[in-house]
Amino acid sequence: MNYKAKHQIKPDGGITRRTALKGLSTAAGLMAAPGFVRYAQAQSSEPIRIGFQCHRTGIGAAYGRWYERVTSAAVKRINDQGGVNGRPLEIVIEDDGTDAARGSEVVAKFANQHKVDLVYGTLFSHVVVAAAPMAGELKIPYYVVSEGYHVASGKMNRYCVQPGITDVKAQVRSVAPWIAQNLGKRVTLVYPDYAFGHDHRDFFEPAITAQGGEVIAKVPIPPTETSFTRYFPQIPRDTDVIYHVMVGPAVLTFVKELGEFFGTGGPQLFGFIDSLEAVDINSPGLEFLDGSHFWEGMPRYAQPDIPRYAASYRETVGIDENGASVNDPNDVSTAGHMFGCWETLYVIKAAMEASGYRGPEDRASLIEATEAMTEFPAGNEHPQGAKIFNGQIHQVFAEQCISQVNGGRLDVVHRTSIEDGMYEPEADYTTMSF
Amino acid sequence: MAFGPYLLLATLEGLVTSAVLALMALGLSLVFGVMRVVNVAHGEFYMLGAVLAWWFASLVSGHPAIGFLLALFASPLIVAAVAFLAERLVLRRLDYEPEATIVATIGLLYIIQQFALTFYGPEARPVEAPFDARIALPWFGYSAYKLAVIVVSVALMLATWLFLTRTRAGLIMRATQSDREMAQAFGIPVDRVYAGVFALGAGLAALAAVLIVPIRQAHYLMGLDPLLLSFIVVIIGGLGSLRGTVVAAILIGLSDGIISMFFSPTLAKMLATFLVALVLVFRPQGLFGAASR
Amino acid sequence: MSRIDGKSLWLHWAVLIVLFALNFLLPEYHRGVVTRVLLLAVFAMGYNLTFGYTGLLSLGHAMFFAAGLYGAGLTIYHLGWSVWPAFGAGLLAGIVLAVVVGFLALRTAGVAFMIVTLMFSQVFYLTTLYFTTYTRGEEGLVLPVPARTLTVAGAEFGLTDPGTRYMTALALFAVVLIATAFLVRSSFGRTLLAIRENEERMRMLGYDVFANKLASMAISGLISAAAGAAYAVLFGYVGSGFASIQYSILPLLWVLLGGAATTLGPLIGTLLTFYVIDTASSYTSAYMLLLGIVLILLILYFPRGIAGTVRERWLPWLP
Numbered sequence: 060m061n062y063k064a065k066h067q068i069k070p071d072g073g074i075t076r077r078t079a080l081k082g083l084s085t086a087a088g089l090m091a092a093p094g095f096v097r098y099a100q101a102q103s104s105e106p107i108r109i110g111f112q113c114h115r116t117g118i119g120a121a122y123g124r125w126y127e128r129v130t131s132a133a134v135k136r137i138n139d140q141g142g143v144n145g146r147p148l149e150i151v152i153e154d155d156g157t158d159a160a161r162g163s164e165v166v167a168k169f170a171n172q173h174k175v176d177l178v179y180g181t182l183f184s185h186v187v188v189a190a191a192p193m194a195g196e197l198k199i200p201y202y203v204v205s206e207g208y209h210v211a212s213g214k215m216n217r218y219c220v221q222p223g224i225t226d227v228k229a230q231v232r233s234v235a236p237w238i239a240q241n242l243g244k245r246v247t248l249v250y251p252d253y254a255f256g257h258d259h260r261d262f263f264e265p266a267i268t269a270q271g272g273e274v275i276a277k278v279p280i281p282p283t284e285t286s287f288t289r290y291f292p293q294i295p296r297d298t299d300v301i302y303h304v305m306v307g308p309a310v311l312t313f314v315k316e317l318g319e320f321f322g323t324g325g326p327q328l329f330g331f332i333d334s335l336e337a338v339d340i341n342s343p344g345l346e347f348l349d350g351s352h353f354w355e356g357m358p359r360y361a362q363p364d365i366p367r368y369a370a371s372y373r374e375t376v377g378i379d380e381n382g383a384s385v386n387d388p389n390d391v392s393t394a395g396h397m398f399g400c401w402e403t404l405y406v407i408k409a410a411m412e413a414s415g416y417r418g419p420e421d422r423a424s425l426i427e428a429t430e431a432m433t434e435f436p437a438g439n440e441h442p443q444g445a446k447i448f449n450g451q452i453h454q455v456f457a458e459q460c461i462s463q464v465n466g467g468r469l470d471v472v473h474r475t476s477i478e479d480g481m482y483e484p485e486a487d488y489t490t491m492s493f
Numbered sequence: 117m118a119f120g121p122y123l124l125l126a127t128l129e130g131l132v133t134s135a136v137l138a139l140m141a142l143g144l145s146l147v148f149g150v151m152r153v154v155n156v157a158h159g160e161f162y163m164l165g166a167v168l169a170w171w172f173a174s175l176v177s178g179h180p181a182i183g184f185l186l187a188l189f190a191s192p193l194i195v196a197a198v199a200f201l202a203e204r205l206v207l208r209r210l211d212y213e214p215e216a217t218i219v220a221t222i223g224l225l226y227i228i229q230q231f232a233l234t235f236y237g238p239e240a241r242p243v244e245a246p247f248d249a250r251i252a253l254p255w256f257g258y259s260a261y262k263l264a265v266i267v268v269s270v271a272l273m274l275a276t277w278l279f280l281t282r283t284r285a286g287l288i289m290r291a292t293q294s295d296r297e298m299a300q301a302f303g304i305p306v307d308r309v310y311a312g313v314f315a316l317g318a319g320l321a322a323l324a325a326v327l328i329v330p331i332r333q334a335h336y337l338m339g340l341d342p343l344l345l346s347f348i349v350v351i352i353g354g355l356g357s358l359r360g361t362v363v364a365a366i367l368i369g370l371s372d373g374i375i376s377m378f379f380s381p382t383l384a385k386m387l388a389t390f391l392v393a394l395v396l397v398f399r400p401q402g403l404f405g406a407a408s409r
Numbered sequence: 006m007s008r009i010d011g012k013s014l015w016l017h018w019a020v021l022i023v024l025f026a027l028n029f030l031l032p033e034y035h036r037g038v039v040t041r042v043l044l045l046a047v048f049a050m051g052y053n054l055t056f057g058y059t060g061l062l063s064l065g066h067a068m069f070f071a072a073g074l075y076g077a078g079l080t081i082y083h084l085g086w087s088v089w090p091a092f093g094a095g096l097l098a099g100i101v102l103a104v105v106v107g108f109l110a111l112r113t114a115g116v117a118f119m120i121v122t123l124m125f126s127q128v129f130y131l132t133t134l135y136f137t138t139y140t141r142g143e144e145g146l147v148l149p150v151p152a153r154t155l156t157v158a159g160a161e162f163g164l165t166d167p168g169t170r171y172m173t174a175l176a177l178f179a180v181v182l183i184a185t186a187f188l189v190r191s192s193f194g195r196t197l198l199a200i201r202e203n204e205e206r207m208r209m210l211g212y213d214v215f216a217n218k219l220a221s222m223a224i225s226g227l228i229s230a231a232a233g234a235a236y237a238v239l240f241g242y243v244g245s246g247f248a249s250i251q252y253s254i255l256p257l258l259w260v261l262l263g264g265a266a267t268t269l270g271p272l273i274g275t276l277l278t279f280y281v282i283d284t285a286s287s288y289t290s291a292y293m294l295l296l297g298i299v300l301i302l303l304i305l306y307f308p309r310g311i312a313g314t315v316r317e318r319w320l321p322w323l324p
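Protein chains in written order, with our numbering: chain C, 60 to 493; chain S, 117 to 409; chain H, 6 to 324.
Note that these hints are calculated values from the structure, not bench results.
Just so you know, not all the hints are guaranteed correct.
As the list claims (entries may be wrong) - Covered, in the sense of this in silico footprint (three residues per stretch, anywhere, with C-beta under 8 Å from a C-beta of chain S), are these stretches of chain H:
| hint | segment |
| --- | --- |
| 1 | 124–133 |
| 2 | 302–315 |
What the hints assert, rightly or not - Non-contacting residues of chain S with respect to chain C, defined by C-beta distances greater than 12 Å in every case (computed):
| hint | residue |
| --- | --- |
| 3 | Tyr212 |
| 4 | Asp295 |
| 5 | Met298 |
From the three backbone atoms N, C-alpha and C, an ideal C-beta is built for every residue, glycine too.
Excised from the complex, chain C in its bound form (with noise of 0.2 Å):
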């Protein structure tokens, strides 16, 4: 067995050995059955080999399993209808461990070792930010799936991509407006004390002075904290909204906590379903977060309205009724990020197959068919709804989702529009060299 392969032995409905075969199987099958001309038309039908750098290990893990989930999902359904350029996708998986250090050492093991063609997939910023580099000077193509404001602040290099999710400081953008208008104007913000959190306060902070809100108060929370309460008190009495961002193994203490503190009559709350995914919203201590709201990627529960499409994106990749795995209904999945994932396979699908992708001699012009692009339509490739993408900072925009926790599940209460979150560009990649 080669080394590839053995990648592929995945427990939990990972990449098995055998639907790797099977694809592979099936297209070599297709080759020698006579007729078949989609085939024989390609140049060569050796797999599309595809580095996902996944958060299997430390703090990330809990995302880095559903990650892992839908990047199969995706990779069967496209390699079924037909693979890229008549090509199947091959994923090659390394734990990163969540580890800055290890990302850009995982970087370095695609490019040289896997010889993948391009390396895909993280999420936390951390280990986007400190292996950007390694992809630059390797020359491999880096997606990433990570809603940080890195990649669009210009800070990263030409190779860093990310067209499947929103970055944070459009999604921010996007909220203000509704809080300002629905819940209230003077606002605390209580976000974790680095630099996810200080973007969250930074991008928020204008958009909710541009509606005539005010930031009454920041309490910023230590990232080494497991407990919360003791913090609550520099929350003003006059305040109508708490904005609350954090994440981590923590969080479910933290709006334990929060209901423990305030009782019925406190503040609105707004949060960011990033505290929550991976969590059961009907957790113990849970029951006070009824009625408050969260920004959401994608809903979680499916929606009485909800498009074929996104049905069918759900049903691919298993989760039910409540965003939670058909397998096990414990096992909750972070549907508010996840389908990033998905959705960037499909641009990489789009733009390899604009630029007539053969192989790493044309990582290059794979960018710059990216970059090119402007506009996703919704739809089985894009289920989260329509995008824009702008080339210029290899960001994508997109509609976001406001939704109220009722009864033990959240229902979207807004949709934003596509423009509530665009922002000025502060850079050009496309000037960039490569």
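Knowing the structure of chain C, use the given hints to seat chains S and H on it.
The following block gives chains S and H in isolation, referenced to the frame of chain C:
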């Protein structure tokens, strides 16, 4: 919020942290004091206790108190058994050499973490508190369970203290702690005492975890911070001093919360850590340690 | 013993020559791996000086590595310094921090020293987060490629080129290896060993134990910072993850595995740990399990570390 209630809240929060920290540090202090080894895996025993608590609680349906009580008894026992096994299979063969033990317990840390990740998963999962009550004070609400945690840990610490001072097993442990050779000369099976102490230490960590898990969820990476904090507590308190361990736990639990009333939280953490370090710099034997090391 | 004797001198040269040759022999990926390992081994050698030779178990060396990393990285990123002065700033940050921390922490000994260094390092880590405005905290900063150019005798070398990068890392490794090899055989080095073995006796003999330990800390901090500063310019990333407790535990692990108080142990330990993780993670997602088992087996059967056990059993002259 006015200063008074704010201080009350910070103190209550600090006491909850202190109570659990003291219990966990007590376990580490025993291992440290009696066996003179640095057990880096102590935080993982804590994590294992929390994860098992979730598992036990999810086994039984009905009132949440049933599952919690089951976890409170069963989880520390299993963790103690795991620790006992590790001690027999690994630490004993290393002859408790300090440096070798560090590497071995780092190895143990990785193994336990991997098992938790594989069989429990990467999510943070809550355990329902045995009773759910919110005490509404005039200024803020507070969880009654948190107050119960303080009471229960004080009781458990008293029980440990009685065990160490009033029972024969405790006497043997303390004898081994104060002079290993002498204890051996008096026919104390030092080797078996070590195994018992290691299991007891791990059990206390697991107990602390079961108490905390309804407040802070079980997660496979939850062990590191409490490990560092309990190291600090044990050393600040003075090696081998149970009283010191408790006082240090209260000092550390409270300092962070109260300093955070006056400074930005991260700055408060920096200051608290720095000040506690300075205590040690100017009193290297710890608060209650003997003058010579 | 005052000089490095023949065999061990040859061994060091042989190791350096092999490492030099590897630049041309190794496949691309492994050349990159060894580049990183060489830098981290420099860090481990710095750690070995205090831990192995002086008997000071520090759990705070991440702050020295990170001081070098940030000293070089922030001056490049915010002040636009070129590589040499930035590297110098990293070294300066490391040695100043080591002297200050040493001055305070060396009032303690044993486990108290371990905890004090741990806490100071934690303060440093929180500082990098507190000043997120300048450091971007855990997310970190990417150093611009044009700034990562090394000028040597008028010639410019781009540090993004894998070959240059390897050679730069090897040069730093060689300097530190030779320097520490001489240092530990010098009268200063023997004083440190004697302090490790019997501190009271040295004090009675009239040695200034504190000053010697402080010097050991300072040099160790300097070497660790050199590794950190080189890491920043060679890999173009600076982030607070490198100041976290993990990077204090790792050098301890590398040194213990390779062999404390051996000159080549740090390299062996670093190389081994890296490849165990790298290889295992290719075959199983449960690589931490394997790492844990390997650690326990090694310590059971090679309690003095690899180089230490080899020295004990077969080659008593091994440095």
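Do the hints match the structure? See the list:
A count of 6 residues in the segment 124–133 of chain H with a Cβ less than 8 Å from any Cβ of chain S is obtained; the coverage claim is therefore met, three being the minimum. Restraint check on the segment 302–315 of chain H versus chain S: 4 residues with Cβ-Cβ distances below 8 Å, three needed, restraint holds. Here tyrosine 212 of chain S stays apart from chain C, with its beta-carbon at least about 31 Å from theirs, past the 12 Å limit. Distance to chain C confirms aspartate 295 of chain S as a non-interface residue, since its nearest Cβ pair spans about 39 Å, more than 12 Å.
Non-interface call for methionine 298 of chain S relative to chain C: holds, since the shortest CB-CB distance, roughly 42 Å, exceeds 12 Å.
Against the hints set out earlier in the document, no violation occurs for any number.
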